[in-house]
Amino acid sequence: MSDPGDEKLDASETPQEPEESLRSMLRGALREEGPAPDVLAGVQKKIRERSGGKFYADGWSTAKHPPLNTYLITSLLMLAVLGISYALLSPMVGSPEPVRNQPAPVQLIPAK
Amino acid sequence: MRDAPPHSVYRQSSVTEADDQAERKFIERLAQRDERAFNELVELYEARVFRLLLRMMGRRDEAEDMAQEVFVQIFKAIATFRGDSKLSTWIYRVSVNLCKNRMKYLSRRHTDGEDELEPVAERAPLDEAKGVTFGDVPAPDRVVEGYQMERVVQICISELEPDFREVLILRDVEDLSYEELSEITGLPDGTVKSRLHRARAMLKSSVERRMGEKIR
Numbered sequence: 033m034s035d036p037g038d039e040k041l042d043a044s045e046t047p048q049e050p051e052e053s054l055r056s057m058l059r060g061a062l063r064e065e066g067p068a069p070d071v072l073a074g075v076q077k078k079i080r081e082r083s084g085g086k087f088y089a090d091g092w093s094t095a096k097h098p099p100l101n102t103y104l105i106t107s108l109l110m111l112a113v114l115g116i117s118y119a120l121l122s123p124m125v126g127s128p129e130p131v132r133n134q135p136a137p138v139q140l141i142p143a144k
Numbered sequence: 093m094r095d096a097p098p099h100s101v102y103r104q105s106s107v108t109e110a111d112d113q114a115e116r117k118f119i120e121r122l123a124q125r126d127e128r129a130f131n132e133l134v135e136l137y138e139a140r141v142f143r144l145l146l147r148m149m150g151r152r153d154e155a156e157d158m159a160q161e162v163f164v165q166i167f168k169a170i171a172t173f174r175g176d177s178k179l180s181t182w183i184y185r186v187s188v189n190l191c192k193n194r195m196k197y198l199s200r201r202h203t204d205g206e207d208e209l210e211p212v213a214e215r216a217p218l219d220e221a222k223g224v225t226f227g228d229v230p231a232p233d234r235v236v237e238g239y240q241m242e243r244v245v246q247i248c249i250s251e252l253e254p255d256f257r258e259v260l261i262l263r264d265v266e267d268l269s270y271e272e273l274s275e276i277t278g279l280p281d282g283t284v285k286s287r288l289h290r291a292r293a294m295l296k297s298s299v300e301r302r303m304g305e306k307i308r
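These protein sequence lines are chains A and B, in that order.
33 is the number of the first residue of the first sequence in the numbering used here; add one for each residue after it.
93 is the number of the first residue of the second sequence in the numbering used here; add one for each residue after it.
Okay, chain A solo, but in the shape it has when bound (with noise of 0.2 Å):
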């Protein structure tokens, strides 16, 4: 990995920290222009992708964050749903008849 001409640092070589004018000049022209781009769909695409699907497979892992809103409006959703079913079903259901057998007798059997 090393160049042989790399291997040798004589004196005259000692790396002085830079002047200011070509540290600055350096990275005035390599200074960030614009935002990063957002590379983590991109990266679980490819992994989904490379793995056969054994990877975010599903679309709640690769969501960034836990997506709080759709739990919160699905268990609101299905509790509406819940309360119109009672509501429609409830006038439907009559009351119970009230059972009006006796109990048979009981016979003992006497002692010998």
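Note that these hints are calculated values from the structure, not bench results.
Ideal Cβ placement from N, Cα and C applies to all residues, glycine included.
You may find that some hints are simply not true.
Stated by the list, open to error - Residues from chain A shown here face chain B by an in silico Cβ test under 7 Å; the list is partial:
| id | residue |
| --- | --- |
| 1 | Arg-55 |
| 2 | Met-57 |
| 3 | Leu-58 |
| 4 | Arg-59 |
| 5 | Gly-60 |
| 6 | Leu-62 |
| 7 | Glu-64 |
| 8 | Val-71 |
With chain A held as given, fit chain B onto it using these hints.
Just chain B now, with coordinates in the frame of chain A:
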């Protein structure tokens, strides 16, 4: 939102034991293929990795594609991370190695798309001057001069061999220590210093040759 500069991360992570322990637990979750932990890792490092790659490669589209590839490779290889170095250093190492391989591949295919240096005056009309190198310069001619200088430096950096470009960017732009450079490149300390010295000298003389004047 801008991230904190990398050097502050390293300063922070002259770490306490609690930080070490938190990082170990985080790495364990990653090794167990915890997808949420991996999402956190990507969010934490994507900007730094992208900027390093952009500085190395000089092309946004290539850098973005390569950043995705870096994280895919990290996902595959995280179980092999032994914790000998900091996680961030290891991520830098993966990034730099993949980037160098990619640059070699591109240069073999002659598709790196770097233009020949056009006359700077044509490339740097005054209304496109976005910034200058040497602080605020009110005079228009100095603004253009600063912009031209940046273009020249970008071209000179792109002409450096990847091994030289790597140490120059990691040390003088990313502000990493020699120890970290040594861990990332896998080179002995002395070799890193020697390579850095040569990289600076090559860049300086190349810029001076193109600009026709000494760097002040």
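Each hint tested on the structure:
1. Arg-55: holds (6 Å)
2. Met-57: Constraint on Met-57 (chain A) satisfied, holds at 5 Å.
3. Leu-58: holds (5 Å)
4. Arg-59: Nearest chain B Cβ about 6 Å off; hint holds.
5. Gly-60: The hint holds - Gly-60 (chain A) has a Cβ within 7 Å of chain B, the shortest such distance being about 4 Å.
6. Leu-62: At 5 Å from the nearest chain B Cβ, Leu-62 (chain A) passes the 7 Å test, so the hint holds.
7. Glu-64: Cβ of Glu-64 (chain A) sits 6 Å from chain B, so the hint holds.
8. Val-71: Val-71 (chain A) check passes; min Cβ-Cβ to chain B is 5 Å, inside 7 Å.
Hint compliance for this structure: every hint is met.
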